[in-house]
Structure formats: C-alpha cells, structure tokens
Amino acid sequence: MSSLKFWVPGTAGPGSTLDRENQESIVQSAPAFASLSIHNQRERLPIFKHRQKLLYAVEKCGVMIVVGQTGSGKTTQLPQYLMEAGWTSEGNIIACTQPRRVAATSVANRVATEVGSLLGDEVGYTIRFEDVSDKQRTRILYMTDGMLFRETLVDPLLSRYSVIMLDEAHERSLYTDLLLGVLKKIRRKRPSLRLIVSSATLDAAAFLDYFTSNATPDDATIVSLEGRMFSVQVFYLREPAPDYVTAAATTAFEINSKHGPGDILIFLTGREDIDRCLEELSEIIPRSSPRIALRPLHAGLSTEEQLAVFEPAEPGTRKVIVSTNIAEASVTISGIKFVVDSCFVKIRVYNPTTGLASLVTVPTSVASATQRAGRAGRTSPGICYRLCTQQAFNLLPHSTPPEITRTDMTTPILQLKSLGIDNLMKFEWVSAPPAESILRALETLFAAGMVGEDGRLTPTGQKVAECPVEVGIARMLFSSKEFQCGEEILTIAAMCSIQDVFIIPDGAPGALAELERRKFTAEEGDHLTLLNVYNAFTRYGKSSSWCKNHALSFRALSRAISIRAQLKKYMQRFNLPLESCQGDAKRLRKCLVSGYWRNGARWVGDGTFKSVRGNRTMYVHPTSVLFTRKPRSGWVVFHEMEETKKTQIRIITEIESEWLLDYGHKYEDKRGNGTAVG
DNA sequence: TCAGGGGGG
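In UniProt numbering, the protein residues as written are 1 to 678.
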C-alpha cells in the first residue's frame, strides 16, 4: 500500500508521513476542566469571568451576538445568569432555541440539574410531540427553532418571552433564518425584547450587520467567549488524492500503525462511500496492529446499529467509525482522538425553475471542516487529517449556503403570509431565497387555492398554515371530506411524512428484507402499501420485535403514530370527518389526486415515466412497488421527485388519467394557462 | 432499471 504524504502549514521542506511537528492549532488550548456532571451544585466555566459584561450587554443592547466555541457554556450558563439577574420576573420566560430535538432535551436536562429544578418545572423543553414545561412555573425554556417559529403563528409578538436566544445560529437552519427575520420585525414593535444570537466567529459580523441595518447603530454588540476545547493539530495532503475513499482507508491504517491509543472518526459523504471504505479497511485488518473495530454510522441504520458506535472497543482494539455528516453535529461520540476528513459533504439543493431537488456532493465549508476537526478534541488533544491540499482548502467557502436559499419555500411562505407578511420582496431576509423560489412558491400556493388573486391567504390557506404538513398533503386532508376517506388519508399523510420505513440491509439479509416488504404490497401502489404497513403495525401491538421481524423501522413507525395523532387534532378542529372508505381504494386514490394534482406522470413503455408538467423523463425509485410493474392504466401520481444520478419519483400510486382533469385542474384553470394533462 | 447527506413541524 502506498502511503499518503501529509504536511502541516508552516513546514518549509517536505514533511514526513504523519509529521507531528510544527502543529497548527485550530482551537486554542484551554485549561482542562473536570466533567460537568454536577448535582445540585453550581460550577462555572470560564464564561463566568464575563458574567457582568454579558449582563450589561443584554441590558443595554437589544441584540447581542455571542461568539462562543463548543464548551464555552453559553447554552447552559447564559440563560441561568439572565434568570438570576431578574429577566424572568413578572412571569417572563427566557427561550433558547436549538436546531435539533436531542440538543433541546439534553441541554434542558443538564440545566435543570444545575439549577436544582425538576425537568419541566423551572427549566423545561418543548419539541414536537413533547412539551415538558409548565405554563406557570417554567422560566428557562429550551426548544427547537421550529417550535418557536410555530409559536409566532399563535402569538406574533412572542409576548411571554423577555429574552430569546437563537443558539447555533451559524448553522443557518431554515427556521433559525425565518426567526431572525421575524424577530427583527418583532423588536421594532416590542423593543423590550432582548435577542441573543449565538454564532461561530466567521458569521458574527454578518449577523451584526443584519441587525444594525435600518436600526439604531448602537443596538447590537458582539461578545466573545473562551472555548473549552483541547488543541487539534491539522494536517493537509501534500498532493491531491485521486480517490478520497481509498485515501481515508489508507490514512486510518497509518494512524493505527503509528499512533498510540485513541479512536478514529472518518467523515465521508454517504452510504456508498462508507461501505466501500469499510471494505477496503477490512482487507487491511489482518495486517493491522493494533486490531481495529469497524463501525459504520449513517441515518439509514437502525437504532441498535447506531448505538454500536458508542460501545467501547475491546481492550487493545481501536474503534474506527466511518460516518456521514451525522457525526458533525447531530451525534457526538466520546473518545475520538483522530479525525479523517474527506472534505466533502452531500447536500440537498432545490432548483426553483424546475421544482426539482437534487442530492449533490460538494466540498465542505471552512466552518464545517472546523467543526469536524473539533470532534477530535473533546476529551484530549487530537489530530485531524484533511484529505485535500492546503491550497485547495484555502479555496473552500466560509460556510455552507443557508438552507433557506436551497429549499422549497412553499410552506415557509404560507406561514409568513399567515403572520401578515405579504410583501415578501420587502421582508428583511438574513439571506434572501432566490426570487424564482419565492415566485414558484407563490404560484404553487395560488394553484392550490391557499392564496387568492389579491395575494392574501384564503380561509383554507389560513388553516393550512397552522397544519404541520406540505400543502399537497393538506389539500388531501381537506378533500377527504368529499371522498369520505378521512381515516385512511390521515394515515397516508402521516406515513408520507416519515422516512426510511423499510430497513433493507446489504447482501443476503437484504434479500430476506425484500421478501418481508412484499407482504405489504398493495397493487394500487405505494400509498396503499404504506397504509397496509401502518395498519399491520397497530394491529400487532406496535411492537419493536414485530418490526424487526418484518424489516420495518420501529423508530419511523412510532413517529408515524405521533404524527397521525397530531394531524387528527387538526382535522377535528377543521371539522373534517374521520370516515373510513371501507376498503374502497378508488375513492382513496381520487383523494390522492386532489393533493398530487401537479405530480401526474404517464408510463412511456421503457419502464420510465414522463411528467405531466414539464414532460421530464423520470425513473421509478427501486423502493416503489411499481418498480417492477407497469401501471395498468398507464398513469400515476407521485409524492416526490428527486435527482441523484437520474430523476427519480418516490411513493407512487396508479390512477385513471381523467381523474387529473376531474380533481386536479380546477384551480389551475382559473389562471388560464394551466394544463392538467398534456 | 437497482437505492438511502442531515435536520425541523
């Protein structure tokens, strides 16, 4: 095996392989603190040195940008300082948003312990399906950004909060961006509201600019906090590697041969890369010393398989975790001393002109690579090997484009309109979505009957804005009254909102799993197949062992149960009956067409379909029951279309072509240029 | 013909 030549910045001559000299620290070394598991006892991180400064800044400035690296204590300590300083008097609440559910729950748990409160009493959390807070007593509330954004639909001034902290704002999640825009507006009407935006260094100035434009110049400030990380040496390739998967395997092997104990975390782009890397590594294992234990990590794994990455390897064995981006922020594994970064990531990009989402592999950003490197320095000093040259690294963008610029804006715009924000061109976006994206969203909302000729929400649009589903699904829910199939459509809506229902592993177990999946097949297509799966799951007691025996994801199906229960409440509120179609699949399929009226397709004979809109060639996704079968009528509707290696459609149901005219075209016809079939 | 970056409501 040829070894890769790495070097570190600052070395003049050629560096030896895995050169340990002349290190570049990306994170300043800070005093090592003991672990933060404290019971009913306050312990301050270095943040306490800045306590007065922070409180002064919050009091004097409307907006405070906090720059604090991992371990600075901003998330856990800052809300406590604010509570002690009186920001929760008179029933006021301090909110702290997180882009992820696990973060909201785990941080709330920790802070409740530090404060000496029961979780859900003085300190609580709110995520979808779980409100562990007390309406009267909770003073510090951790929540997902999506939940706080939803709250604006009910209380547009967010009047119960005195301070709102948007944590991890540099990640630029869709709802954090929407909240930034809405909160800037709210602060004009309610200047007493304080806003804290926590960000990484690179984005702090941009946030400051955003809040100081069109406002009083001294209205915002930046405060920096010390991190609590160990130093991480960063190495770059001397020459570009032709194949980053092989390079990753080679690097892991060399680390294993030349370095002392410590687990290795490899960042690759997807399951295909991961499997190949594992294969290459397993060929090396017999020659490897110490022994290595290989662990894949990606979202498609079952809960059990994911938990395996947390189990310590046997003594004398080094754990090598080969992961997607899931390990960058969502999953934290302790004991990692070495990070191998391919410097690539897969992201979803939405093309507003075609309405097509694609999954593309792109170079990571500097922010993302820094975060990945930091995974090596959580418990001790670490080393990060970037599988690119430093010259290439210097060309990387500072950050990944915000989600709001690369996603379908239909639902967000419906929600903004529900807030009374009708002039979207005047809305102060932190990063504006492409104009075509806004236009397409408006056009979709108009065609769906959610927005009227005047650009304002229709009564249905107002209702749908509150409902946590896409507009097509919402339309199905509403027209289920006409087709008398609310019971079944409700289940289908929930099942379409979850991912990875079937767990199909590689190799021989995968073939068995395929056989299991066929047991649920409905000849009409995937929607009825999903309905069968859900009904069987509930019939057999919602058991995890039953799921395991039938190659189904217990996690996903449990989620479907929760989503269905939530949507059921909306249906009751909107006076939509929960009738069963009594096995009349035709009614059910007509109802599907009313939601998917723009997603019609025609079979063209070679196994592919042509889209009704745009006449695009589309391939059936291999997970569809129609993958191997021609629809008798020749016509289908589909739930979504995505471009990977080719354009694929997922969750497909056979229909009659005239249904597209009967149940789909009425809204488009109003515009005079719509064609439902053609 | 053969497939799944990661989140959120």
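Heads up, a few of these hints could be off.
Unchecked claim - Calculated pairs, DMTMM-like style, for lysine to aspartate or glutamate (alpha carbon to alpha carbon, straight line, at most 25 Å):
hint : residue 1 : residue 2
1    : K53       : E226
2    : K548      : D606
3    : K586      : D506
Stated by the list, open to error - For each label pair, taking beta carbons as the anchor points, the in silico distance ranges come out as:
hint : residue 1 : residue 2 : range
4    : K426      : R238      : 49 to 57 Å
5    : R128      : K630      : 36 to 44 Å
6    : N535      : G510      : 38 to 46 Å
7    : N549      : T353      : 42 to 50 Å
8    : D606      : D209      : 49 to 57 Å
9    : R456      : P242      : 26 to 34 Å
10   : V154      : T644      : 49 to 57 Å
11   : A513      : R137      : 46 to 54 Å
12   : V604      : N535      : 28 to 36 Å
13   : V604      : D219      : 20 to 28 Å
14   : F129      : E272      : 47 to 55 Å
15   : R629      : K426      : 31 to 39 Å
16   : S213      : D454      : 29 to 37 Å
Derived by calculation from the structure, the hints in this document are not laboratory data. Backbone N, C-alpha and C fix where the C-beta goes; we use that ideal spot for every residue, glycine too.
Going down the list of hints, with the structure as the test:
Taken as a hint, the K53 and E226 pair is honoured in the structure, with Cα atoms around 14 Å apart against an allowance of 25 Å. For the hint pairing K548 with D606, the CA-to-CA distance comes to about 36 Å; that exceeds 25 Å, so the pair is violated. With a CA separation close to 36 Å, the supplied pair K586 and D506 exceeds the 25 Å bound. In this structure, K426 and R238 meet the distance hint of 49 to 57 Å, their C-beta atoms being roughly 51 Å apart.
Take R128 and K630: their Cβ atoms lie about 39 Å apart, and the range 36 to 44 Å holds. Between N535 and G510 the beta carbons are some 25 Å apart, a value that contradicts the proposed interval 38 to 46 Å. Checking the proposed 42 to 50 Å range against N549 and T353 shows it holds: the Cβ atoms sit about 46 Å from each other. Between D606 and D209 the Cβ separation comes to about 53 Å, which falls inside the hinted range of 49 to 57 Å.
Distance hint check: the CB atoms of R456 and P242 are about 56 Å apart, inconsistent with the given range 26 to 34 Å. Judged by the Cβ atoms, the range 49 to 57 Å given for V154 and T644 is violated: they are separated by roughly 38 Å. Between A513 and R137 the C-beta distance comes to about 48 Å, which sits within the given range of 46 to 54 Å. The hint said 28 to 36 Å for the Cβ distance between V604 and N535, and at roughly 33 Å that hint holds.
Between V604 and D219 the C-beta distance comes to about 59 Å, which lies outside the given range of 20 to 28 Å. Between F129 and E272 the CB atoms are about 33 Å apart, so this pair departs from the stated range of 47 to 55 Å. R629 and K426 have their C-beta atoms about 51 Å apart, which leaves the hinted 31 to 39 Å range violated. Look at S213 against D454: about 30 Å separates their beta carbons, and that is inside 29 to 37 Å.
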